[in-house]
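Asks: Residue strings, one per chain:
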Amino acid sequence: MKKLVSAFLACAMAAGLLAGCGTSNAPAPSGTSGASGAASGNGEETVLRVVDWSDSAAKMREEFHKKFEENHPGVKVEYTCLTVDQFKNTIVTMIKSGDGPDLFPIPTGVTLSTAIQEGWYQPMDDYLDDEFFATFDESVWQEGITMQDGKIYTLPENLPLVNTLMYYNQDVLDQAGITELPTTYSEFLDVCKKVTEAGNGQFYGWIEGGKQINRLDALVRGLAGVAGGKVAAPNKVLTVDGKAPYDCEEMKGAMGLLQQLVADGSMHPDTLNIGAPEAREFFAQGQAAFLSQGMWCIPTWSETHPDMNYGVMSLPVPDGVTPGTYGIQQETLNPWMGIYSQSKNPELAAEYLRCLYSEEYGYEAAKVESGNSVSVIPAMNEKYMTNEVMKQYFDLATENTRYTPVATTRDQKAYDFYVQVKDVSPSLGNIAQGVLSNSITDYAAQLEQLSEASTAEWQRACEAAGVDYGVFEFENWDMAKDYTESDYAALS
Amino acid sequence: MVSAKRVAPKEKLSGVKKREKVKLNLWCWAFMSMTLLFYIVFQGWPILCSVWYSLLDWSGMTSHYTFVGLANYKELLQDDLFWNAFANSFKYTLFVLPLQLGISLFLAYLLNNEMLKGRAIYRTMYFIPVVTTASIVGIIMIFVFSVQGPVNELLLSLGVIERGINFLGDGKYAMGTVILISVWKDCGTYMIYWLAGLQSVPKDVYEAATVDGANRTRTFFRIVLPLIAPTAGVIAILCTINSLKVFDIVKTMTEGGPFYSTDVIATYVYRSAFSSEIGMPRLGYASAAALLFGATVIVIVLVLNLVKSVLQKKKAV
Chain S
1 MKKLVSAFLA CAMAAGLLAG CGTSNAPAPS GTSGASGAAS GNGEETVLRV
51 VDWSDSAAKM REEFHKKFEE NHPGVKVEYT CLTVDQFKNT IVTMIKSGDG
101 PDLFPIPTGV TLSTAIQEGW YQPMDDYLDD EFFATFDESV WQEGITMQDG
151 KIYTLPENLP LVNTLMYYNQ DVLDQAGITE LPTTYSEFLD VCKKVTEAGN
201 GQFYGWIEGG KQINRLDALV RGLAGVAGGK VAAPNKVLTV DGKAPYDCEE
251 MKGAMGLLQQ LVADGSMHPD TLNIGAPEAR EFFAQGQAAF LSQGMWCIPT
301 WSETHPDMNY GVMSLPVPDG VTPGTYGIQQ ETLNPWMGIY SQSKNPELAA
351 EYLRCLYSEE YGYEAAKVES GNSVSVIPAM NEKYMTNEVM KQYFDLATEN
401 TRYTPVATTR DQKAYDFYVQ VKDVSPSLGN IAQGVLSNSI TDYAAQLEQL
451 SEASTAEWQR ACEAAGVDYG VFEFENWDMA KDYTESDYAA LS
Chain R
1 MVSAKRVAPK EKLSGVKKRE KVKLNLWCWA FMSMTLLFYI VFQGWPILCS
51 VWYSLLDWSG MTSHYTFVGL ANYKELLQDD LFWNAFANSF KYTLFVLPLQ
101 LGISLFLAYL LNNEMLKGRA IYRTMYFIPV VTTASIVGII MIFVFSVQGP
151 VNELLLSLGV IERGINFLGD GKYAMGTVIL ISVWKDCGTY MIYWLAGLQS
201 VPKDVYEAAT VDGANRTRTF FRIVLPLIAP TAGVIAILCT INSLKVFDIV
251 KTMTEGGPFY STDVIATYVY RSAFSSEIGM PRLGYASAAA LLFGATVIVI
301 VLVLNLVKSV LQKKKAV
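As you go down the protein sequences, you meet chains S and R in turn.
Numbered by the working numbering, the letters in the first sequence go through residues 1 to 492 in order.
Numbered by the working numbering, the letters in the second sequence go through residues 1 to 317 in order.
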């Protein structure tokens, strides 16, 4: 009898587990979020779940959360900061299981229209007033980025700013006896060579996080841009004469510069073994004279190397090109945080956003003050941009960037193209890495192949999305000046 | 000639015996149910899902997908980077397998010697890398093998090299370095397997060999090795499987670079499934790559088994 009972219990356990699995696979009833864990009311704690990838501002966010919880008794903020890749992998699963966080940003590569179509977000106009929205820079209210059909769905994290300028370590330059900053390719190569020779294995000319393809991609695009090359900003598509312009002379020149840096031994030898954070640290330790990265370096250095003697300059241009004639491609505004459509506490989520961008809570102010980023609230920038290097970076970035045409501004249907298009490999970043590692010697042939393959893929994606391929072609685009609304209007 | 046919029992099982058998079977199933369930949920179902996904043009990010049949597979066959990763996976396995098995067996044989003092400490020492997280090992090894790291310093001071070698940043050395580190990291696991095999060899066999005048090397090659051959087969299979699916150490140390020189199937699949530069990632395509690789491995194993059985038959004749 005992045996029978045991057998029954074993079967019951197995059945229970099966049933449990079945339940967890079932779609979540609409309106339940799981998002807010403990429900409010009856003196219970209300949990507001926030997930994003803002690691560079993590400490400031912690401070903000402390203050937010103090001023909102009974509210607990459950904040998770992931890497971009981790976020991408996790968020879709969370949403599909009905367990999405109350607030989360749009994963990279997903357009706002797709996110809304998928039912991820709800408009925030109902919970936040016009007074709040009026504090933002006017340029952030863009259809397809923060808004759809006149309703606001997301708020941007910060104003776009070019993410690749050249930092120089003044102490290293001084040790090598360099008195003048290089502006052209030959000057840059010459200075890097002199620094490397003077360093005698202790420091080198240039360093970058060569393991990160995205950093190399941004660098070569920037180099081509300041040389006058008509290449779109990272993650964007533009054509020239109906072709992907990756094999333009300016891009070949940029690759040639990298190849020469390697040939001269001027590149820090560990460049290919490290990512951007390690490169930033090596630069601060005085292991290299130049580093090509973005504004995010400044708060880290302020904390870890407050006495570092450094500055920022523009990217070098090819010989024969007057510095400042052309510019680096201006980044486009990216959508960021939105309120989950199934959130149980949308009012609280909106309150969190209101506080996040307010001066009173100090999060935006701290970001600007530390040099982390440029705020989407102009008043914050005016009041708190006190870091000298940040000001220098901001001024230089403003002066050295050019607004390039954006296909989605011309025709919003182009967003559908980005849903269809597939990456072509080896990409620009991959090719740059191949050049730096000496795996590629004939970079011109690689660029031509990339250009051909990208053209074919972009045409295919246009066809699949029902988008006119010509929408990516801007005949009146000139890298020497900003592409303005009147240029859009002048298009036939 | 004697017939090899088994003679069926003349008497049918009685009703009692039948019930006993059914009961026994039920118990077996009850005990297996958990494992079976977990296998179905966490292995079988995802594999089936992958088969379906591989037939779709799907990013994995949205609910929108298009059925494309075998188009992903056709594209893969023409994808040079897929075949590069494919070849790298086999290259990695080809080098790791003999090194891993040889070194771990050597260590296990040394540490199996009861006369060796402090062998527990040695065993622990060799096993420590196994329990260390791959990402930690990766970060430390990037420093150890960097151009200004201790390995280059040592080689330079010994006069072996004139200039520091970029072990992980140069395509010529990157795969070799990854292999070396993987062998070091996982050696402890296989050493434990070998030790289990070696300890199953009866002591009197060693005693008999000593009495017959066999030295330690002769005893090992002539007596111990044939006795632990079945264990060797299992270890070789495990090592092959683990090598073909290597991911963490490559991802942490090189991310498949520089310029795809250490790109293996797992990093290729991961990149296709979760990363994208302009558009969306390609979960469908990544699923097809994983399945195509898996299927190829199965075919290779089947062919090898066939060859093995043919050779064994010939030998028997």
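No wet-lab data here; the hints were simulated from the structure.
Worth double-checking, as some hints may not be accurate.
Claimed, not checked - In the EDC-like style, the derived pairs of lysine to aspartate or glutamate whose C-alpha atoms are separated by at most 20 Å in a straight line are: (1) S/K76 to S/D264; (2) S/K236 to R/E277; (3) S/K67 to S/D85; (4) S/K243 to R/E277; (5) S/K193 to S/D85; (6) R/K251 to S/D85; (7) R/K74 to S/D247; (8) R/K172 to S/E457; (9) R/K74 to S/D55; (10) S/K59 to S/E369; (11) R/K251 to S/E278.
Asks: Tell me the numbers of any earlier hints that the structure contravenes, in ascending order.
Replies: As far as the earlier hints go, 1, 3, 5, 7, 8 and 9 are violated by this structure, in ascending order.
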